[in-house]
Every structure is written in C-alpha cells, then in structure tokens.
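> Assemble the complex: chain A is given as a structure, and chain B must be docked to it using the hints.
Going down the list, the sequences are from chains A and B. Under this note's numbering, the first residue of the first sequence carries the number 1, and numbering increases by one thereafter. Under this note's numbering, the first residue of the second sequence carries the number 1, and numbering increases by one thereafter.
Simulated from the structure, these hints should not be mistaken for laboratory data.
Under 10 Å between C-beta atoms, here's a sample of chain B residues computed to sit facing chain A:
id	residue
1	Gly10
2	Gly18
3	Phe112
4	Ile119
5	Pro138
6	Ala142
7	Ala143
8	Ser219
9	Glu222
10	Gln228
11	Ala258
12	Gly260
13	Ser265
Since this is a predicted model, take the numbers as computed values, not measurements. Glycine included, each C-beta is placed from N, C-alpha and C at the ideal position.
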Amino acid sequence: MTDRFILNRRQLLKTSAAGAALGLASASFPISRAFAAAATVGFIYVGPKDDYGYNQAHAEGAASLKGIEGISVVEEENVPETVDVQKTMESMINLDGASLIFPTSFGYFDPHMLAMCAKFPDVQFRHCGGMWDKAKHPMNAGSYFGYIGMGQYLNGVVAGHTSKSKKLGFVAAKPIPQVLLNINSFLLGARSVDPTITCQVIFTGEWSLAVKEAEATNALVDQGADVITCHVDSPKVVVETAAGRGAFVCGYHANQSPLAPEKYLTGAEWNWAKVYKMFVDDLVAGTPLPNFTRGGLADGFVKMSPLGPAVSEPARKQFDATLAEMMKGGFAVIKGPLKSNKGAVVATEGQAFAETAIELESMDYLVEGVVGSTA
Amino acid sequence: MDATEIGLWGVPLAILGGAIRVSTPFIFVSLGEAITERSGRINLGLEGTLVFGAMTAYAVAVMTDSPWLGLLAAAVAGLCFGLFHGWICKFPKVNDIAIGIALMLFGSGLAFFFGKPFIKPKAPNLPAIPFGAWSDVPQVQAALDVNVLFLIGAALSLVLWWAFRNTRAGLIVRVVGDSSDAARAMGLNPNTVRLVATGVGGALAGIGGAYLSLYYPGSWTERISSGQGLMAVALVIFARWNPLGCFAAALLFGGAGALGPALQSVGVTQGYYLFYAAPYILTLIIMIATSSPTRSLAGAPGELSITK
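Next comes chain A alone, as it looks inside the complex (with noise of 0.2 Å):
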C-alpha cells in the first residue's frame, strides 16, 4: 500500500516535471510570443499601488496604457529591492513574454536590473530615477525621471506665504540626491518669498515607515514648523498627521487633497501617463526607445495639485508667475550666489544650474537656510 502510494508520487512528480519544463520551454520560444499581443508590458512596485504615493503614481501611469490596442500590461506590486525582483523580471519575461520593462523603484537599478540587461539582451529595461551613463550601462537599458524639484519649488512658494511662523518641516526618507534636490528647491522656494524662512528637515532612513513617519511630522510640529511637506513613499499618513495637528500640507507624488481638503496648499505630481504613453508609441512603431529621458512641468512629466482654499491672492499671484517662467523651460532653482548649510559654496555669483543641469542629479548637500545633515 504504501509502496504503492510512493511509487505513484515519484511518478507523479515525473510526469509534472517534464511538464513543466516542457511549458517553459515552449514559452521561451519566440514563435509563441509573437502569437501573444503585440507586446507586453511589464512594471513593478516597491509597494502596494494605491498608496496615496509613488507606486499609485506609477500605476495610473501603466493604467493608461491598458486601452491602447495590441499592448497588454502586466504588473506586480509589493517587490523588494533584493533579488526578488530579478525572479520577477524574469518570470515577466519567460512566463508573461514582456519586451519591455519598468522597474520603478530606486533600489532596483543597480545590480538587479543590470544583470537581467546582460541575462536578456532582446528585452528592453526602463528605470526610474536611475543614472543611466553610455559609457557603463547596456543599450536595452536606460532610465527616465522628472524634474520634480521645480514642482517642490512651486509648493515652497505657496508655503512661504501661507507660513506664519517662518518654519517649513520635511519629512524625508533617505539622503540621496532626488530628495536632497527636492528640500532645497522646497527652501528656495519659500525664500524666494521671505529671505529668513527655514526649513528643518528629518530623515526616517526608509521609504516606507508608517509610525516613524508619523513621528517626525509631530515633531515637527512640535518645533513650531507650520508647512509640512515630504518626500516619503506613501505621504497619507505625513498628511493626514500634520493635518489633524493644525498645520497646512504641500503634497507629493499624487494629489492627497481629499486626505486633508482643509489644509491641502498644493502638491507636487508626477504624471507618468505621459512618459509611458511615449515609450509605448516607439514600441508599437518599432523605433528605437531612448535611453535617457528626463522631462519637467513644461513637457509635461510632472503637474501641480489645484491650489487648495487656504492659499492667498498674493500667493495665487506668485504660484501662477513662477509657473508660466517654468513653463518656458530652463528655469533654475539652484543659482548663485549660494551656500550649503555647512558654508560651502555650491553655486558662485552668476552661475546657475537648470532643471537639465546633470550635475544637480548628484546633489550631495542642503542648502543655507536648511536644518539638517546628510548623515
């Protein structure tokens, strides 16, 4: 009897193992891909993708894509930067027959995405934020972002008006160079308003830490700042923290109004749609994607939240400006004469960096007027 029983079970694992190997290989065939769609798409999240955030940014960017004829969209959230998110790749490759992804977190890049690159040289890679450099990167990789610096700009106008007390809080995840740009433009932003207006800032150390998050924009609070903005994966609970505490909120990432209707000032969006949409249209129309795709508020790659009704005429006034000068590209945030907060010139008189300006993607320092250290 139970001879029997594991005779049975061996040959049982057998047979499904040939089977398995057999559908691997079959969906390795290219012939069975090109019966499939046209293409396949496919993204991946950090997180969960309706999180008031970056990954619900992404996401209505890859929902956009779902109408279009022949294009087929595949997703997976909740993905580590380890190397689950190579077995995801692959298994969007080999199983789902994608020829083109985006891997949409940071951590993602570098190794992971790169050796998936090497492993799959017909499929093309697309990362958000990374540096793609020609020099050491493969061509089926590349990377795209948005100058969403000029957006926190934009929300540091705003908050330096609506400010009473002359202090601006940002809760930030990590020190790295897309969020140090984003607290010094919110700065420079507010002191384009008032000269004497500081920003103290608090690193949590992860993406995505819903106590400690929490935490800092009391803190803050406590500390008598009342324009709290952030720079976090999910900002609901930033907002709705600093909201329930009295003090206003610019967002980030997507639109949070309807967290905190009141309080809301205005907020920095990204609008992937756009970029997807484009990427896409060169697939479907077989030319070559681009490599290295930056764009800001005048292409279109990053929006503005509607100014919510606590925000002042003269406030109006100033927004509206900023953003018509902006719109006609080349703006800079970071400009001269200026200093970091630890007394190192950063930018000399007369010298200024534009959105475009590579350097300001290896930005290592806070500017004058921010409370807060790299490390």
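What follows is chain B alone, placed relative to chain A:
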C-alpha cells in the same frame, strides 16, 4: 517664552508623547503574548494578527462609520486567529513556532488581499482624552492627548499582574505553563487552557492592530506595522513574562523610538541612524545588565518550547 517656541524642551516632551502614542500596540501584543506564553505556548503569528486586526478594524469602521465596532471586529478576528493557532498546536508533534510563522505570513497576506479596497477611504478615528487641557502650550496638549486604549492597556497590565498571582484562572494558566504533568494530575486539560490563552492573546493583538489603523498613525496601509508585532513578542521575554514589565518595556520602546525624530527636530542632525537604533541598543543593554551566568531566564514558564 513664546507658546510655539519650546526648543530643547521638545525632546523630553516628544519622548513622553512618543511613549504614550507609539507604545499602545506594543502593550496589547505583548500582554496577549504574555498570557499565551504563560500557558506554555509561543504564538509568533501575532505580527500577522496585528496587521489583520488593523485591516479589519479599518474596514469595519469605514463600512459602519463606528470605530468601536471596528475595534470589536478586530478583537474577534484576532480571537479567531489565536484559536486557530491553539487548535492546530493541540495535535501531537506540531511545532508551535513553525505554525506561528505560517500564521504570521497568512495573516498579513490575507490582510493585504482584503484590505485593497480600504486604502483609499477614510475611517473615523478612536477618540482621545485631552489630559493636556490644563496647559496653554499646544505641544503639551498634543503630547497628552491620550487614547482610551492606552489607559485600558495600562489597567489591563495591572489586572493581569494581579490575576496571575491571586486568581484561580491565573494560577491555572501558570500551572499549565509550568508543568503539563502537574496540570493533568490536578484534572486540568492543558490543551483547552492553552487554546483559550492563545485565543485571548490573539484578541489582544487584534486590538493592538485596531489602535494602529484607527488612532496612530490612523490609516490603513500595507506597511502599517513594519514588524511591531514581532518586536512585541520579543518584549515579553525582555519583560520576563511579567505583565507590568511588558507595560514598562512597551513604554521604554515607544519613548526611545521617538528620540530620533525629536533630536533631529531640535537640530541634532548628525548620526540619526544611530538614534534610530536607540530602542534596540537599550534592549540589549538591559538584557545584558539583567542576565546572570548562574541561573536561566527568571520567570520563564517551564513548558515553553524555547526553554525546554
């Protein structure tokens, strides 16, 4: 002194406020685990129960518009998880730690699955009692907004501490935890006692989850717990299975966790990663200071699979 400028006073205030705000889930999960472990079982699945409780509470509060019904639902859901763990573990040769890990993953996975539609809507929060109303400093008022669950947790730890020593039920749980043979000789069924103890432990963890999603930070996201359930289980050992110790350990952990953001907010910005490690460093120091080479863990129930 200007009412909005509290400067360095913000640090002790933040530690006090943080201890009250952050500690409540730790209190409930560690008290629940203390009951379970006192009966001789370990339920590592409380992290999953915490997350599932958070989701259930939020979902029910959204649907019924009553945070109290949400709280009740979270407790019932936690009870079910606890009873499930207790029921599986009564079979011979089942490892309670392995089942706990399985239930931890199951609970979180189930919570993510059912929680998807509830990330967007906003639920009503549990009320807080403004103990700081006497002060005209808004920061003090905010720090002393104490949620009722914190007070219930504090009272519960006192009651449990007393009950373990002085009531029949407390003694039954302890004898089952210390020696199954002695319990059987007294005519007690260890499995039934452990089933009830694990169920109650699960219900308390569910309430801890409700605090997370319905009060602080007060919304449902999949990352809401970030390991607090597991830390709370570890706190039980740290507290030597003493309910009052659990309460103190939870307060210490909450207060130490508030140190990092508070120091950055007053301008002590260097080395914040080190300050974030403060709760863990404190735990280590106390563990080392209170350990002894001559005796094993004081107060450890004899039937626990880690001490056997």
